[in-house]
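Chains as they are written, first to last, in this note's numbering: chain E, 1 to 112; chain W, 113 to 607.
If you're looking for bench data, these hints aren't it; they were derived computationally from the structure. There may be inaccurate statements among the hints.
With a Cα cut of at most 27 Å, we get these calculated DSSO-like pairs of lysine-lysine [as the list claims (entries may be wrong)]: (1) W:Lys496 to W:Lys587; (2) W:Lys446 to W:Lys387; (3) W:Lys448 to E:Lys85; (4) E:Lys40 to W:Lys383; (5) W:Lys576 to W:Lys496; (6) W:Lys387 to W:Lys587; (7) W:Lys331 to W:Lys265; (8) E:Lys9 to W:Lys387; (9) W:Lys349 to W:Lys331; (10) E:Lys34 to W:Lys387; (11) E:Lys40 to W:Lys448; (12) E:Lys40 to W:Lys387; (13) E:Lys34 to W:Lys448; (14) W:Lys448 to E:Lys9; (15) W:Lys446 to E:Lys40; (16) E:Lys34 to W:Lys383; (17) W:Lys446 to W:Lys496.
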Amino acid sequence: MKMITAIIKPFKLDEVREALSEVGVSGITVSEVKGFGRQKGHTELYRGAEYVVDFLPKVRIEAAVEDGILDRAIEAIEKSARTGKIGDGKIFITSIEHVVRIRTGETGTSAL
Amino acid sequence: MLNWIKRFVAAGAMALAVTTTTGALVSPAYAADDKKPAVTAPAAAPGAPAAAPSADPAPTPNKADTTWMMVSTVLVVLMTLPGLALFYGGLTRSKNVLSVLMQCMVVFSLVAVLWAIYGYSFAFTEGSAFFGGLDRLFLSGLTPESNAATFSKGIVIPELSFMAFQATFACITCCLIIGAFAERAKFSAILLFMILWFTFSYLPIAHMVWFWAGPDGIKDAASLEAVTNSAGWLWQKGILDFAGGTVVHINAAIAGLVGAYVIGKRIGYGKEAMKPHNLAYTMVGASLLWFGWFGFNAGSALEANGTAALAFATTLLATAAAVLGWTLSEWITKGKPSMLGAASGCVSGLVAITPAAGFVGPMGAIIIGFVAGVLCLWGVSGLKRMLGADDSLDVFGVHGVGGIVGAILTGVFADPALGGAGIYDYVANAVATEYSIGSQVFVQAQGVVVTLIWSGVVAFIAFKIADMVFGLRVKEEEEREGLDITSHGEAAYES
Numbered sequence: 001m002k003m004i005t006a007i008i009k010p011f012k013l014d015e016v017r018e019a020l021s022e023v024g025v026s027g028i029t030v031s032e033v034k035g036f037g038r039q040k041g042h043t044e045l046y047r048g049a050e051y052v053v054d055f056l057p058k059v060r061i062e063a064a065v066e067d068g069i070l071d072r073a074i075e076a077i078e079k080s081a082r083t084g085k086i087g088d089g090k091i092f093i094t095s096i097e098h099v100v101r102i103r104t105g106e107t108g109t110s111a112l
Numbered sequence: 113m114l115n116w117i118k119r120f121v122a123a124g125a126m127a128l129a130v131t132t133t134t135g136a137l138v139s140p141a142y143a144a145d146d147k148k149p150a151v152t153a154p155a156a157a158p159g160a161p162a163a164a165p166s167a168d169p170a171p172t173p174n175k176a177d178t179t180w181m182m183v184s185t186v187l188v189v190l191m192t193l194p195g196l197a198l199f200y201g202g203l204t205r206s207k208n209v210l211s212v213l214m215q216c217m218v219v220f221s222l223v224a225v226l227w228a229i230y231g232y233s234f235a236f237t238e239g240s241a242f243f244g245g246l247d248r249l250f251l252s253g254l255t256p257e258s259n260a261a262t263f264s265k266g267i268v269i270p271e272l273s274f275m276a277f278q279a280t281f282a283c284i285t286c287c288l289i290i291g292a293f294a295e296r297a298k299f300s301a302i303l304l305f306m307i308l309w310f311t312f313s314y315l316p317i318a319h320m321v322w323f324w325a326g327p328d329g330i331k332d333a334a335s336l337e338a339v340t341n342s343a344g345w346l347w348q349k350g351i352l353d354f355a356g357g358t359v360v361h362i363n364a365a366i367a368g369l370v371g372a373y374v375i376g377k378r379i380g381y382g383k384e385a386m387k388p389h390n391l392a393y394t395m396v397g398a399s400l401l402w403f404g405w406f407g408f409n410a411g412s413a414l415e416a417n418g419t420a421a422l423a424f425a426t427t428l429l430a431t432a433a434a435v436l437g438w439t440l441s442e443w444i445t446k447g448k449p450s451m452l453g454a455a456s457g458c459v460s461g462l463v464a465i466t467p468a469a470g471f472v473g474p475m476g477a478i479i480i481g482f483v484a485g486v487l488c489l490w491g492v493s494g495l496k497r498m499l500g501a502d503d504s505l506d507v508f509g510v511h512g513v514g515g516i517v518g519a520i521l522t523g524v525f526a527d528p529a530l531g532g533a534g535i536y537d538y539v540a541n542a543v544a545t546e547y548s549i550g551s552q553v554f555v556q557a558q559g560v561v562v563t564l565i566w567s568g569v570v571a572f573i574a575f576k577i578a579d580m581v582f583g584l585r586v587k588e589e590e591e592r593e594g595l596d597i598t599s600h601g602e603a604a605y606e607s
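Just chain E, same shape as in the assembly (with noise of 0.2 Å):
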């Protein structure tokens, strides 16, 4: 089992969304994040103030994958969040050691 967290332009949400259904990942945690990369802030101008905004509005994904489907949902990921443009976010991978279904008290894959 891998977990797989992508940062990803907010607009880029729902179409992410629907490609890891099509490859059969049947859950996802959404939050709204803000952080910095390569892709440069922007400055906003009030009045005389000028703030330069560093961290951009991202959305992180996270999903529990089994071994067998872990590609396709990366190359899901990658090909429905692709802008081509500077700041499309990455993914990443870690494994998992455990899971639990709290309703059922399930473990491992049956659990995901």
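Guided by the hints, dock chain W onto chain E, whose structure is given.
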């Protein structure tokens, strides 16, 4: 907490006591007068109707005028609540929005009550050239039958409506100051400051600029001189301030600037981002100010007549021109035309046309508005950097600069040769044929300088007193957490 309230009441009582004494000192003759005249400021000269009983019967208020005055009054209320409150509230950070709304609402209410207790009397009854008398203390003698004079002979309005209309001016003037020290001042200190500043700056300036006995007693050069000599000091000099460029805007702006210096900068000013948290509020607030300002300016004609219509039209046009002026110059010099810029331009135009509203023509109004829009942008950027104070919501940049631009240009564009209405000669009962831009601008400049100095000095002393009694600032950790929670125990938004 009880101790706190006790100190507050004591300080307030002291202020009232001091004022009462001062009032009595400057106008001993008037204090000794009985309460005979039912008609006072700016009504016919005391006793004038009674002195000519053989001629016309006592004038009665026109119902249209009376209605217009009351409609104008609620329009001016709307300017502060919620107009100005929203305009300011949107400019703060989200942790301080309620503190500003709360300050506006309570200061408005406080000043309205003080206005009835002694403010109206000290501003609008005859006393010395600087301070009114005691005739209307506690609104004594003010009945539904009392009438106030207008700017036309033989036309009166109910004095109660005049009193209420002028009350709303005093209220919004005090509320304007709040923006300069938003996000850090202590609530109790603000209230004490307002009592002192209202008493010793607003009231005398209003009296100096606006008080006169009304035109009804003017028959010839001698009676004109008598009426003029009983008027306020700047009125005697011939200052033109239709709806309060000096009394309201310059007065409040310099007090705010002094406050920004005395209270000091916000923690993190210049280092942390202090972005407006909701510019949509600010746009709505600016629009409500524009809407209400028709009552402020056109209502200042005191009648539903042509002068009111002129003030109405100039208020519309100058403001539109100022929005364009600010937006264009921001677009050219800063790269993008911003909503905050348009809203600020709107207010700057309203401020600038205030002293000019009933005196200048529509084209003069457009020029005044456009110039104010451009110069106030400099007021909140270049000038602000030069002044070096943390005037949080740019009270001086907009109201000070706009007020000065308006006051000076009123002297220029009131000239009938430039489409202005000129100066009315109550002896000839016609607009005076001669108008000198140079000498009028000189008088206007004197009004500006007197207001800047008077209000600045009073504000400095009042802030120092408030500092001694309560301390001007909240604690550092309270300022960081936000005044909504720490001063008022509530939050505007779910977090």
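Any hints from earlier that this structure breaks? Give me their numbers in increasing order, please. Failing hints: none at all.
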